[in-house]
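Please take these sequences and the hints and turn them into a complete structure.
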Amino acid sequence: MAQMSGTRAAMRLLLCFSLCATVALAGCARTVGWEFADDPGLPVDIRTSGGEELSGTLLELSSGSLVFDTEIERGENVEVRRRGGADYVYVDGVIVGTVVEIRDFDIVTRRRVPLEEARDVSVRSRGYVGWGTAIAAVAFFFLGQALEEQ
Amino acid sequence: MIHRAPLLLLVVLAVCCAGCARSVPMAALDAGGADVGVAVRLRSGEVLRGRLISLTDDELLLDTHHRLGVDVRLEGSAEARRVEVRGEAVPGDFVGVESGDTGRIAVVRRALDADEVARASFYRPAGEASLGPILSTFIGPGIGLLLALAI
Numbered sequence: 285m286a287q288m289s290g291t292r293a294a295m296r297l298l299l300c301f302s303l304c305a306t307v308a309l310a311g312c313a314r315t316v317g318w319e320f321a322d323d324p325g326l327p328v329d330i331r332t333s334g335g336e337e338l339s340g341t342l343l344e345l346s347s348g349s350l351v352f353d354t355e356i357e358r359g360e361n362v363e364v365r366r367r368g369g370a371d372y373v374y375v376d377g378v379i380v381g382t383v384v385e386i387r388d389f390d391i392v393t394r395r396r397v398p399l400e401e402a403r404d405v406s407v408r409s410r411g412y413v414g415w416g417t418a419i420a421a422v423a424f425f426f427l428g429q430a431l432e433e434q
Numbered sequence: 005m006i007h008r009a010p011l012l013l014l015v016v017l018a019v020c021c022a023g024c025a026r027s028v029p030m031a032a033l034d035a036g037g038a039d040v041g042v043a044v045r046l047r048s049g050e051v052l053r054g055r056l057i058s059l060t061d062d063e064l065l066l067d068t069h070h071r072l073g074v075d076v077r078l079e080g081s082a083e084a085r086r087v088e089v090r091g092e093a094v095p096g097d098f099v100g101v102e103s104g105d106t107g108r109i110a111v112v113r114r115a116l117d118a119d120e121v122a123r124a125s126f127y128r129p130a131g132e133a134s135l136g137p138i139l140s141t142f143i144g145p146g147i148g149l150l151l152a153l154a155i
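First to last, the protein sequences are chains P and V.
Numbering follows the working numbering, in which position 59 of the first sequence is assigned residue number 343; successive positions increment by one, without gaps.
Numbering follows the working numbering, in which position 115 of the second sequence is assigned residue number 119; successive positions increment by one, without gaps.
There may be inaccurate statements among the hints.
Stated by the list, open to error - Selected chain P positions facing chain V (in silico; Cβ < 10 Å):
| hint | residue |
| --- | --- |
| 1 | Pro327 |
| 2 | Leu338 |
| 3 | Leu343 |
| 4 | Ser346 |
| 5 | Ile356 |
Unchecked claim - Each pair of labels, with its calculated beta carbon distance range:
| hint | chain 1 | residue 1 | chain 2 | residue 2 | range |
| --- | --- | --- | --- | --- | --- |
| 6 | P | Arg292 | V | Arg26 | 33 to 39 Å |
| 7 | P | Arg365 | V | Gly73 | 52 to 58 Å |
| 8 | V | Ser81 | P | Asp371 | 56 to 62 Å |
| 9 | V | Phe142 | P | Arg387 | 50 to 56 Å |
| 10 | V | Asp119 | P | Arg387 | 35 to 41 Å |
| 11 | P | Val364 | V | Arg123 | 35 to 41 Å |
| 12 | P | Glu355 | V | Thr106 | 24 to 30 Å |
In short, the hints are calculated from the structure, not lab data.
On a predicted model such as this, the values are computed, not experimentally measured, just so you know.
All residues carry an ideal CB built from backbone N, CA and C; glycine is no exception.
Right, dumping it as structure tokens:
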């Protein structure tokens, strides 16, 4: 019995160590090179001259404007209207961008910010974990406890 | 003692993850240690690919790479060093030569006026783009399960 418990603890230790090593070695190592992803997309935070703070995925600089996808939470003040063959997202009656994807809780919206209006543009690099990771951790914590009780 | 070790390592893991993430201004990508790939189409029709060094409201600075070979040569000496492709000098400042798996690569830094740029697309490093989904798929469930077993 004691031997089984010891083996289990050693297994946990090994699992934890593997996770730490993966993140520490692979994640933190700076990948200097000339190999880049096939599809454009860069996680960014943008502060505009109007004081608006935006987060999203920067796709391109086109006609002097930064083009990026951002998620707008669905609500009573958010609506989608079709105009001239395109779906536009309105927030409080003002157009903010075009629809990329309508999801259950939010709308992926393509926005444009003129370069001269973008005061601070920061790239979020090596952000491997986020809210999805935290939610998955909580979900699997309860799943693990339920399995252990059985 | 061995029972507490996984929790201790989870703390280390959280610190590692937090330490990896960083926010780097696009005006100082090189100094901030962030790699961003860029493909640029100029209004003149010229297409450039390389690594973005900085992006401000009036200028885009990028490093372009040229694999040295029969058609691509290094000419001149010291400060007058330049890269020539089929006898034509590549616009920009010569930065240096890097050694890669596929041979020697000459790096040329070029500043572009924002008005010159018709379109520029931005890319994450290939390693980071592929590692992200893998880590986010395994780390969350891994931490949750380990905590459930450890507590």
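Going down the list of hints, with the structure as the test:
1. Pro327: Holds: closest Cβ of chain V sits about 8 Å from Pro327 of chain P, inside 10 Å.
2. Leu338: violated, 14 Å
3. Leu343: The hint holds - Leu343 of chain P has a Cβ within 10 Å of chain V, the shortest such distance being about 7 Å.
4. Ser346: Ser346 of chain P check passes; min Cβ-Cβ to chain V is 5 Å, inside 10 Å.
5. Ile356: violated, 22 Å
6. P:Arg292 <-> V:Arg26: 33 to 39 Å: holds, 37 Å
7. P:Arg365 <-> V:Gly73: 52 to 58 Å: Since Arg365 of chain P and Gly73 of chain V have Cβ atoms about 55 Å apart, the given range 52 to 58 Å holds.
8. V:Ser81 <-> P:Asp371: 56 to 62 Å: Holds, at about 59 Å.
9. V:Phe142 <-> P:Arg387: 50 to 56 Å: violated, 24 Å
10. V:Asp119 <-> P:Arg387: 35 to 41 Å: holds, 37 Å
11. P:Val364 <-> V:Arg123: 35 to 41 Å: violated, 27 Å
12. P:Glu355 <-> V:Thr106: 24 to 30 Å: violated, 39 Å
The structure does not agree with the numbered hints 2, 5, 9, 11, 12 stated previously, though it agrees with the rest.
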